[in-house]
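Start from the sequences, fold in the hints, and give me the full structure.
Chains as they are written, first to last, in the working numbering: chain A, 1 to 650; chain B, 1 to 254; chain C, 1 to 277.
Just so you know, the hints here were simulated from the structure itself, not pulled from any lab data.
Please note: incorrect hints may appear among the correct ones.
Some chain B residues judged to face chain C by a derived CB distance under 8 Å, without partners named [stated by the list, open to error]:
{"#": "1", "residue": "T6"}
{"#": "2", "residue": "R72"}
{"#": "3", "residue": "G159"}
{"#": "4", "residue": "E188"}
{"#": "5", "residue": "S191"}
{"#": "6", "residue": "E192"}
{"#": "7", "residue": "G212"}
{"#": "8", "residue": "V216"}
{"#": "9", "residue": "L224"}
{"#": "10", "residue": "Y229"}
{"#": "11", "residue": "Q236"}
{"#": "12", "residue": "A238"}
Idealized CB from N, CA, C, for every residue including glycine.
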Amino acid sequence: MSELITTDVLVIGAGLAGERAAISASAEGNEVVILSLVPPRRSHSCAAQGGMQAALGNCVKGAGDSEELHWLDTVKGSDWGCDQEVARIFADTAPVAMREMAHHGVPWTRVKGGPADYFIKGKKVTLEEPHENEGLIMHRDFGGVSRWRTCYTADGTGHTVLYTMDNMVVELGIAVHDRMEAISLIHDAGRCHGAVVRCLRTGELKTYLAKATVIASGGFGRIYKYSTNAIINQGSGQSIALDTGLVPLGNMEAVQFHPTGIVPTDILVTEGCRGDGGLLLDVDEYRFMPDYEPDKQELASRDVVSRRMTEHMQKGKGVPSPDGEHLWLDLRHLGEDHLRTKLREVYDICMYFLGVNPIKELVPVRPTQHYSMGGIRVNKDGHAYSLKGLWSVGESACWDLHGMNRLGGNSLAETVVAGMFCGQRLGEWANSQTLEVDTALADIALNEQQERINALITGGMGEANENVDQLLNEAQDILQAKVGIFRKGEELAEAVVGLREIYQRSRNLKMRSAFKGANPELAAALRLPGMLKLALCVAKGALLRTESRGGHSREDYPKRNDRDWLKRTLARWPVGADEPEISYEPVGLLESPPGHRGYGGAENIAMEESVEDYNEKVEREWIEQGWQETATPLGEELKEMVEYASTKQS
Amino acid sequence: MARELTLRIFRYDPLNPESKPCFVDYKMEETPRLNLFVALHRVREKQAPDLQFDFVCRAGVCGSCGMMINGRPTLACRTLTAELPETITLAPMPAFKLIGDLSVDTGTWFRGMSERVESWIHTQKEFDPKAEEQRMDDGTAQKIYELERCIECGCCVAGCATANIREDFLGATALNRIGRFMLDPRDERDSEDWFELVATDEGVFGCMGLMGCDDVCPKELPLLEVFAYMRRRMSQVAAGRAKADAGTSQPVIT
Amino acid sequence: MAKAGPSKEITHHEGELTATRDRARRQWKLDAISTGTGVFLALFMWGHMFFVSSILTGERGFNWISDLFEHYWLAQPTLVVVTIVFFVHFVTASRKIPAKFAERRRVKKLGDDISHSKWNISKQERRELDKVRPHKETSLWIWQVRSGMIILALGSVHLFVVIADVVQRTFDIGEGLGINAAETMARVQGGMWILYAILLYAVEVHAGIGLYRVTVKWGLGAKIPIIGSRITRGMAQKMERIVLWFFLIIGFITLLVMAGVIDPPLEFLLPPLPVAS
Ligand SMILES: Cc1cc2nc3c(=O)[nH]c(=O)nc-3n(C[C@H](O)[C@H](O)[C@H](O)COP(=O)(O)OP(=O)(O)OC[C@H]3O[C@@H](n4cnc5c(N)ncnc54)[C@H](O)[C@@H]3O)c2cc1C
Ligand code: HEM
Ligand code: SF4
Ligand code: SF4
Ligand code: FES
Numbered sequence: 001m002s003e004l005i006t007t008d009v010l011v012i013g014a015g016l017a018g019e020r021a022a023i024s025a026s027a028e029g030n031e032v033v034i035l036s037l038v039p040p041r042r043s044h045s046c047a048a049q050g051g052m053q054a055a056l057g058n059c060v061k062g063a064g065d066s067e068e069l070h071w072l073d074t075v076k077g078s079d080w081g082c083d084q085e086v087a088r089i090f091a092d093t094a095p096v097a098m099r100e101m102a103h104h105g106v107p108w109t110r111v112k113g114g115p116a117d118y119f120i121k122g123k124k125v126t127l128e129e130p131h132e133n134e135g136l137i138m139h140r141d142f143g144g145v146s147r148w149r150t151c152y153t154a155d156g157t158g159h160t161v162l163y164t165m166d167n168m169v170v171e172l173g174i175a176v177h178d179r180m181e182a183i184s185l186i187h188d189a190g191r192c193h194g195a196v197v198r199c200l201r202t203g204e205l206k207t208y209l210a211k212a213t214v215i216a217s218g219g220f221g222r223i224y225k226y227s228t229n230a231i232i233n234q235g236s237g238q239s240i241a242l243d244t245g246l247v248p249l250g251n252m253e254a255v256q257f258h259p260t261g262i263v264p265t266d267i268l269v270t271e272g273c274r275g276d277g278g279l280l281l282d283v284d285e286y287r288f289m290p291d292y293e294p295d296k297q298e299l300a301s302r303d304v305v306s307r308r309m310t311e312h313m314q315k316g317k318g319v320p321s322p323d324g325e326h327l328w329l330d331l332r333h334l335g336e337d338h339l340r341t342k343l344r345e346v347y348d349i350c351m352y353f354l355g356v357n358p359i360k361e362l363v364p365v366r367p368t369q370h371y372s373m374g375g376i377r378v379n380k381d382g383h384a385y386s387l388k389g390l391w392s393v394g395e396s397a398c399w400d401l402h403g404m405n406r407l408g409g410n411s412l413a414e415t416v417v418a419g420m421f422c423g424q425r426l427g428e429w430a431n432s433q434t435l436e437v438d439t440a441l442a443d444i445a446l447n448e449q450q451e452r453i454n455a456l457i458t459g460g461m462g463e464a465n466e467n468v469d470q471l472l473n474e475a476q477d478i479l480q481a482k483v484g485i486f487r488k489g490e491e492l493a494e495a496v497v498g499l500r501e502i503y504q505r506s507r508n509l510k511m512r513s514a515f516k517g518a519n520p521e522l523a524a525a526l527r528l529p530g531m532l533k534l535a536l537c538v539a540k541g542a543l544l545r546t547e548s549r550g551g552h553s554r555e556d557y558p559k560r561n562d563r564d565w566l567k568r569t570l571a572r573w574p575v576g577a578d579e580p581e582i583s584y585e586p587v588g589l590l591e592s593p594p595g596h597r598g599y600g601g602a603e604n605i606a607m608e609e610s611v612e613d614y615n616e617k618v619e620r621e622w623i624e625q626g627w628q629e630t631a632t633p634l635g636e637e638l639k640e641m642v643e644y645a646s647t648k649q650s
Numbered sequence: 001m002a003r004e005l006t007l008r009i010f011r012y013d014p015l016n017p018e019s020k021p022c023f024v025d026y027k028m029e030e031t032p033r034l035n036l037f038v039a040l041h042r043v044r045e046k047q048a049p050d051l052q053f054d055f056v057c058r059a060g061v062c063g064s065c066g067m068m069i070n071g072r073p074t075l076a077c078r079t080l081t082a083e084l085p086e087t088i089t090l091a092p093m094p095a096f097k098l099i100g101d102l103s104v105d106t107g108t109w110f111r112g113m114s115e116r117v118e119s120w121i122h123t124q125k126e127f128d129p130k131a132e133e134q135r136m137d138d139g140t141a142q143k144i145y146e147l148e149r150c151i152e153c154g155c156c157v158a159g160c161a162t163a164n165i166r167e168d169f170l171g172a173t174a175l176n177r178i179g180r181f182m183l184d185p186r187d188e189r190d191s192e193d194w195f196e197l198v199a200t201d202e203g204v205f206g207c208m209g210l211m212g213c214d215d216v217c218p219k220e221l222p223l224l225e226v227f228a229y230m231r232r233r234m235s236q237v238a239a240g241r242a243k244a245d246a247g248t249s250q251p252v253i254t
Numbered sequence: 001m002a003k004a005g006p007s008k009e010i011t012h013h014e015g016e017l018t019a020t021r022d023r024a025r026r027q028w029k030l031d032a033i034s035t036g037t038g039v040f041l042a043l044f045m046w047g048h049m050f051f052v053s054s055i056l057t058g059e060r061g062f063n064w065i066s067d068l069f070e071h072y073w074l075a076q077p078t079l080v081v082v083t084i085v086f087f088v089h090f091v092t093a094s095r096k097i098p099a100k101f102a103e104r105r106r107v108k109k110l111g112d113d114i115s116h117s118k119w120n121i122s123k124q125e126r127r128e129l130d131k132v133r134p135h136k137e138t139s140l141w142i143w144q145v146r147s148g149m150i151i152l153a154l155g156s157v158h159l160f161v162v163i164a165d166v167v168q169r170t171f172d173i174g175e176g177l178g179i180n181a182a183e184t185m186a187r188v189q190g191g192m193w194i195l196y197a198i199l200l201y202a203v204e205v206h207a208g209i210g211l212y213r214v215t216v217k218w219g220l221g222a223k224i225p226i227i228g229s230r231i232t233r234g235m236a237q238k239m240e241r242i243v244l245w246f247f248l249i250i251g252f253i254t255l256l257v258m259a260g261v262i263d264p265p266l267e268f269l270l271p272p273l274p275v276a277s
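What follows is the structure, encoded as structure tokens:
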């Protein structure tokens, strides 16, 4: 008999979001167990360098900042695709979250009063930092914000925050079972009871039963061929939710790309390279950006540069290499001094990972998948649609403060804020529940997985003629080529067909190795169908969304369409189906009606219905989609909404 | 001409009674800018689908991929094959429990380490959500960060003779962690608390000072400086001359 | 589940707390003693070297100094103290030597592997990144243990001989003439030079490495008074090399003089002997 473990709250994922949620849930008096593919401190949250947004307004360029401004920047950044109430909760809680992390030990970079030198828009300026704020948390600048509000620790924000968070987890004695992969959810009659888990040390299966199950499994960037994400970011959390056939994934087509990932290995090099004067060159070492964007050149916004680079490579101007086509980033003219001080991190990455010296050589780069806005659709408490007892926080969730595009620094902040806020809500909820230990149900779920594994190890599934790596590579190629930065209707349609075919072929997997233990090929084979499903959700969602908004840009529909598409895509996967079923819901109550972002420059098709009419239908349509009742009524956190909307009208 | 590389990889599955520890050679052509992350995945994809190894960030920041590369413990993801001779010997790090092939259980070890050194801020203060954060001098914050940069890769433990022969030795990373909290004005542990933790044979006085840790640490942490600082400060404590405790002392780890 | 790292229960019962504290204090003391005695011995050896090298000015100078020491009862207590410290150091310092052969072999292998012998570090840029730092300390330490063992063996012999001599002269028993140039040189020339050459080399190496290690283990990062800069490993290494060669050279010239291979080079420093009438 395999092992059965019971607890009050089961958290799948030990990144920032999962650990913060566990801490909150435990503070509510619950017993908590956290699962993770890897030791918690290796979760991808540790890789974020830049920082996290919170309106503390401590430094001179942050003066006058407020939660209100942070909220507004976030809404604009999302291209009005976000849930504005959630964005409110987020912006209001972020400062407390940063201070709490300071209390527990994050060595935030602090304000040093007096004159300080900065590079702003390529020019050196000297500003006077306020002495009265000496020793408070410092901020740096980030894209799409009206004030400096990114809190950071030198170049290791994610690392220090994650380490501090895990210290708290250790202090509280919360159990973390690492190298444990949740491979399916145990559920019955619309209620989630826990998960079937595979031990990555031994290959054994176990069942975990809990009152509340929380998915905090991070992003799914690895369904793309080139991604800045950690290689464990394969979306297994999202896919086990999708596998229930009940829970929808929101806005899966909203994927963010970053222009400069290095080739091979796709490690991110900062936007600062171009900010400081780096140039993009093609196979002939010709500088092509001015031809496309005579005005902004290399410094157009992330999505625009990524699009132009892709376009240029499609014209055959990419540099061929065994690791795929790429372009060059030229930093040579910046000089040794600059590269070894201001761009030290970039210099190190090039030297260590490429053996390329950017002082003398060109750096191979290409646009690279970076962040997934979409995920498990939850309400403002973090409770998943349509399945009681399932919760989700962090990048794996579509809590939806990012809408169709997230701002830099908002995702790391989201993990902590959502963990704090939703963790408390789910902790309270779990207290109101009793633990049902239904061993029969657990056995059924476990056996189902065991059969899958047995089939794979003994001879293969179905016709047993497909190879895991091969299928994944093919799917990644399709996604990269056709559901990339620039999207076109016919390509998207091809992608859906191609991916569906691969998904069908994945029923005939055969493994090349046969050992039962911690076999990496088996792990990959178990994850593959889920990854293909996510890919199909992305592709189909993108195909159907006939507008351009945030990270989703359709060449054939270049305008943002607030008349028809002020909506969130929901993708469900009925059991046994070959592709997802797509439905839509309103994005949420509007406090700020759609307007111009102030950058990007695309045209909009205006909303036709009034904000009141729109807001009217939100709750009703959400309930239809499986929205669960929240601890406070919908709109509670949008206190000024009524006044705000009416002033806008007049 | 591209070189033909031989990856000589340690293979052993401790769970399988038939498996015996051995080295197996895998050959491949070297491509430009090849690093061991890519090379090992090629081996797994083309030659040995069941080969176990650990990578997560593949960017040198998560600390998952420590292994013995030609005898030296370091991060595989940031090691280029161009830096190595044609035959590259890869073995799992010693001093940790083997999971299989190149994969070792650093997670359990480090959790144990954190528990043992009580790796968290010890304070009587309650967090007050309404209050402004406790102020801290930026210089102090930078010093803490300097030690906080440890990525728990375990290379310093694998490369430490003492840790290799004594299971209960704290290891450089743990001593460094203690140093990090000693520096932190928010931590209220006093000299006696630290003394009991580090001034032992499992702690800094068990360290033989061979500096393997300092020489292999991929993050180039100033480990020896931390140890020297601890020896001095602990001796002051023993001599009853410890300066004021808990953050009011601003020590000299540079 | 898996083996729990270096983990051990931390307990907070009053009794046990003082027990762990006492234990910590004991272990600190042992380490401090081994270091303290080592430093003492090293300093003593240098002083010793200066006095012995008085032979460079000829037999007269050497005898003058040794007579002085013995006459004013400086030599005798020093001998007692040094002998005790010598053995205390031996006992405390060798605590660190791994007991099992396999462990000693492991230490050596690890040190060899970590040193960069099997890496290509040809590229200048790579070196600038300090990627593969050379590693010498393990082999230095191994040589320290080896030289320590040699000192233990040969030094005991030497101590015994000198003690016997001094005791005989002081209490006027037997034939001992105390520390005396003629006798010493006779001993050296009679074949003891091999012993002294080895002992000299071993002591200088051992003391040089020892002090380097003490500097690195205790002093790294500390501010040097007056100069104000902080001690670095490079600094300590340089210092070790200079000191080592300085004393080795003096030592070997001294030995050569004693062996009668060369004439005392510094004889001119002493006032000329009154011409025999
Ligand atoms: C290179 C890079 C730089 C970034 N920089 C920034 C930045 O500067 N600012 C910013 O705001 N954001 C940044 N981001 C985004 C941000 O880092 C992430 O969105 C955020 O860290 C996600 O945190 P998380 O807790 O949701 O998930 P993760 O930290 O990814 O954690 C996921 C956890 O889930 C576990 N897990 C996954 N699947 C399973 C399963 N099936 N069973 C059990 N456990 C599972 C994993 O082991 C892991 O512990 C960056 C992202 C990248 C890729
Ligand atoms: C004239 C005689 C000696 C001198 C000058 C001397 C000096 C020193 C010094 C300065 C150290 C450094 C201490 C440290 O690293 O903490 C040292 C360490 C050591 N000595 Fe000696 N020593 C002498 C004799 C011996 C003898 C007889 C032995 C016998 C084995 C010995 C064995 C060692 C060992 C093993 C260490 C290493 C201890 C450690 O790593 O902490 N030494 N010695
Ligand atoms: S200096 Fe100490 S901790 Fe570092 S390798 Fe040597 S014995 Fe281990
Ligand atoms: S101290 Fe250095 S070598 Fe040791 S675990 Fe930390 S980063 Fe790795
Ligand atoms: S894979 Fe993260 S450090 Fe190498």
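Verification of the hints:
| no. | hint | verdict |
| --- | --- | --- |
| 1 | T6 | 13 Å, violated |
| 2 | R72 | 5 Å, holds |
| 3 | G159 | 6 Å, holds |
| 4 | E188 | 15 Å, violated |
| 5 | S191 | 11 Å, violated |
| 6 | E192 | 7 Å, holds |
| 7 | G212 | 5 Å, holds |
| 8 | V216 | 6 Å, holds |
| 9 | L224 | 5 Å, holds |
| 10 | Y229 | 6 Å, holds |
| 11 | Q236 | 11 Å, violated |
| 12 | A238 | 5 Å, holds |
Taken one by one, the earlier hints fail for this structure at numbers 1, 4, 5, 11, listed in ascending order.
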